[in-house]
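The opening residue of the sequence shown carries number 8 in this note's numbering; numbering runs sequentially from there.
FYI, nobody ran anything at the bench for these hints, they're computed from the structure. We put the CB at the ideal spot given by N, CA and C, even for glycine. Among the clues, some could well be false.
[Stated by the list, open to error] Distance ranges between label pairs, derived from CB positions:
{"hint": "1", "residue 1": "I56", "residue 2": "N13", "range": "16 to 26 Å"}
{"hint": "2", "residue 1": "L28", "residue 2": "V60", "range": "14 to 24 Å"}
{"hint": "3", "residue 1": "N13", "residue 2": "I39", "range": "16 to 26 Å"}
{"hint": "4", "residue 1": "F43", "residue 2": "Q14", "range": "16 to 26 Å"}
{"hint": "5", "residue 1": "E36", "residue 2": "I56", "range": "13 to 23 Å"}
{"hint": "6", "residue 1": "E16", "residue 2": "L51", "range": "16 to 26 Å"}
{"hint": "7", "residue 1": "N13", "residue 2": "D44", "range": "32 to 42 Å"}
{"hint": "8", "residue 1": "F59", "residue 2": "F38", "range": "24 to 34 Å"}
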Amino acid sequence: MKDEKNQKEYCIVISIIGLILGIIGFIIEYFIMNKFDIIWIVFLIIDIIILFVNLIQKNK
Numbered sequence: 008m009k010d011e012k013n014q015k016e017y018c019i020v021i022s023i024i025g026l027i028l029g030i031i032g033f034i035i036e037y038f039i040m041n042k043f044d045i046i047w048i049v050f051l052i053i054d055i056i057i058l059f060v061n062l063i064q065k066n067k
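Please put together the full structure from these sequences, using the hints given.
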């Protein structure tokens, strides 16, 4: 059980880092390069879903 708990916490940390990097990438592309790709929105949505699933499972 201890390994499973550590794995979930690790997964949450990775999700938060991915979310931050996704937001930074979106801001750089949108404001600096004046372009917009739907891939950033898809990436952020998937990352948010993974983060919420991990947080919900952590509470159980």
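Each hint tested on the structure:
Checked against the hint of 16 to 26 Å, the pair I56 and N13 passes, with Cβ atoms roughly 22 Å apart. A beta carbon spacing of about 19 Å between L28 and V60 agrees with the range 14 to 24 Å that was offered as a hint. Taking the beta carbon of each, N13 and I39 are about 38 Å apart, not inside 16 to 26 Å as hinted. Restraint check, F43 to Q14: a C-beta distance of roughly 36 Å breaks the suggested window 16 to 26 Å.
As the Cβ distance of E36 to I56 is approximately 22 Å, the hint placing it in 13 to 23 Å holds. Distance hint for E16 and L51: a CB-CB separation of about 22 Å, consistent with the stated range 16 to 26 Å. Checked against the hint of 32 to 42 Å, the pair N13 and D44 passes, with Cβ atoms roughly 35 Å apart. Under the hint 24 to 34 Å, the C-beta atoms of F59 and F38, about 27 Å apart, fit the expected range.
When held up to the earlier numbered hints, the structure conflicts with 3 and 4 and fits the remainder.
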